[in-house]
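S.K.: Protein chains in written order, with our numbering: chain A, 1 to 255; chain B, 1001 to 1264.
Everything labelled a hint here was simulated from the structure, so no lab data went into it. Some clues are possibly wrong.
Incomplete in silico selection of chain A near chain B, CB under 10 Å [as the list claims (entries may be wrong)]:
#1 Y12
#2 G14
#3 D79
#4 H99
#5 F122
#6 R123
#7 L126
#8 Q129
#9 A162
#10 W176
#11 L210
#12 E212
#13 I214
#14 A215
#15 V216
#16 N217
EDC-like cross-link-like pairs, simulated, lysine to aspartate or glutamate; straight-line CA separation at most 16 Å [to be verified]:
#17 A:K242 with A:D222
#18 B:K1174 with A:E212
#19 B:K1174 with A:D171
#20 A:K118 with A:E58
#21 A:K118 with A:D98
#22 A:K242 with A:D227
Bear in mind the structure is a predicted one, so any value in this text is a computation, not a measurement. Note that the Cβ used here is the ideal one computed from N, Cα and C, for glycine as well.
This is what each chain is made of:
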Amino acid sequence: MDLTLQRIGHRYGGMPVLQDISLRIPAGEILCVIGPSGCGKSTLLRLIGGLERPDEGEVLQLGDAPEGCLNPLTYVFQDFALLPWRTVEGNISLVLEDHGIRGKAARAVIADVLARTKLSDFRAALPRQLSGGMKQRVAIARALAVNPAVMLLDEPLSALDAQTRELLMEDLVALWERQRFTGVYVTHNLTEAVRLGHRIAVLSRRPGRLREVIAVNRPIADRRAGDSDLDALQARLWDLMKQEALAADQELLDA
Amino acid sequence: MPERARPVPFRGGGFAPVAKRGTGIAVFALLLALIEWGTRAGWISNLTLPVPSDVAATLAGMARSGALWTHLAPSLVRLAVGSLIGVSAGIAVGVMIGLFSYVRAGLVPLVAAIFPIPKIALLPLFVIWFGIDEASKYALIALGTFTPTVVATYGAVDNVDRSLVRMGQSFGLKWSSIVRKIVLPGALPGILSGLRVSLAIGIILLVAAEMLGAEHGIGAYILQAGSLYDLERLFAGVVILSVLGVLTSWVIGRAERRLLRWRG
Ligand SMILES: Nc1ncnc2c1ncn2[C@@H]1O[C@H](COP(=O)(O)OP(=O)(O)OP(=O)(O)O)[C@@H](O)[C@H]1O
Ligand SMILES: [Mg+2]
């Protein structure tokens, strides 16, 4: 299932947040979206997943979601969004219950996704007992449980410390290698973008427009921290972002 | 010249009340001992306060003669029935206000108008509407517990983390599932703490209702004792009410600890 954004524009209370964004997101590919703070990245993700309606343009879905897919467009949120009153297992079964998957079938799915996210020992733990990295792994497990065609990730690692982030990045790569999901990955972090993205979309400061889409040719599994061509790419992205970020900062001061 | 070394002054701590076992009981005991001493020694006149041990004796006598139960049983039934009606209606209306804009626009001003009316003032009206029997007492207690429950409930629903609701929608959960599995559990802490206030108001109204046309009941008993200026019996009744208040608060505390274990 491919996604196509056609000339998306959006405004909040008269203030344009996104302008004229056209993008194609082919199946099995991760698209990273970077841009200065407040340029409308989260908004774009909400529009793609149908949590909000764009004021202009439309988001099109080409083809049907594959068989067995319970929730084609599935989010992983920056703040994890786990129900604090449900255990790890309960948080995952939450998204299965409405599809009539209960009892034995649910336990099988839950055991599978917990094994894939290395959480099998924490089945019965409550969110408050988990570290930030584990909470985000639970949220990823929950997303995997519905077999998404497209994963929409809004800064999934930015609430975590650098070491945990590195580990989870490797986990994400492994998960993608296993089941090549389509991903839209919003981040502030250029390292994440060059490690996880097949293509990287750079947005300008608000109102966010598409400045450039850069393809990263090296296979995701072969990328390592410290690769020289990745570092060069990261430097180039930073150059693109720098003026925008500086200007965005200035605008906030003037406002 | 070496600087003098001294520890950094401690400025943290406080603002985190913890349960100190027995403190409450100690305060009670101290107060009672003081009054006992005062009334016996005479620096508290026996027109002001009764001797605590006499009140205890009166209570013991009531328990022996069975009068305690004849007064307590009808009161408990009234409180239970009245507050059950008021609280469940209050939670239902509060959740509706929290969920539907039209219900909110229509009912919030109405609730705000009813809330400050002293329900006791309406008692004669209730007697005309519902008769002098139990029904008017249930209605009074129900109305009294209804309004605070509504206000607490819709506040609690408003405070449910919207990002969790958004999460539910993003996973395609049904509306009813979102309400049952996300909104209601999220509102439960607020609803339970509202319940404390509602039930205390229920006890106040119980006594008021029983002071008007009830043969038995704690309120009737207190009224009787008061009109005879029988301080021991009056205070015996008051003690029963206080115990009732402490008990309901304890029960809610237990419920909170069981239902909100996830808060840690
Ligand atoms: N629901 C809303 N109502 C009004 N304004 C909003 C709303 N959501 C976002 N905005 C505004 O739209 C702009 C873009 O917000 P958005 O959250 O999409 O940016 P972002 O790129 O994700 O920022 P960040 O990098 O800080 O996460 C911001 O100026 C924000 O204040
Ligand atoms: Mg954002």
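S.K.: Now look at each hint and say whether the structure bears it out.
M.R.: The hints, checked one at a time:
| no. | hint | in the structure |
| --- | --- | --- |
| 1 | Y12 | violated, 16 Å |
| 2 | G14 | violated, 23 Å |
| 3 | D79 | holds, 6 Å |
| 4 | H99 | holds, 8 Å |
| 5 | F122 | violated, 15 Å |
| 6 | R123 | violated, 16 Å |
| 7 | L126 | holds, 5 Å |
| 8 | Q129 | holds, 8 Å |
| 9 | A162 | violated, 25 Å |
| 10 | W176 | violated, 20 Å |
| 11 | L210 | violated, 24 Å |
| 12 | E212 | violated, 29 Å |
| 13 | I214 | violated, 28 Å |
| 14 | A215 | violated, 29 Å |
| 15 | V216 | violated, 28 Å |
| 16 | N217 | violated, 32 Å |
| 17 | A:K242 with A:D222 | violated, 28 Å |
| 18 | B:K1174 with A:E212 | violated, 39 Å |
| 19 | B:K1174 with A:D171 | violated, 31 Å |
| 20 | A:K118 with A:E58 | violated, 38 Å |
| 21 | A:K118 with A:D98 | violated, 25 Å |
| 22 | A:K242 with A:D227 | violated, 22 Å |
Comparing the model with each earlier hint shows violations of hints 1, 2, 5, 6, 9, 10, 11, 12, 13, 14, 15, 16, 17, 18, 19, 20, 21 and 22; every other hint is respected.
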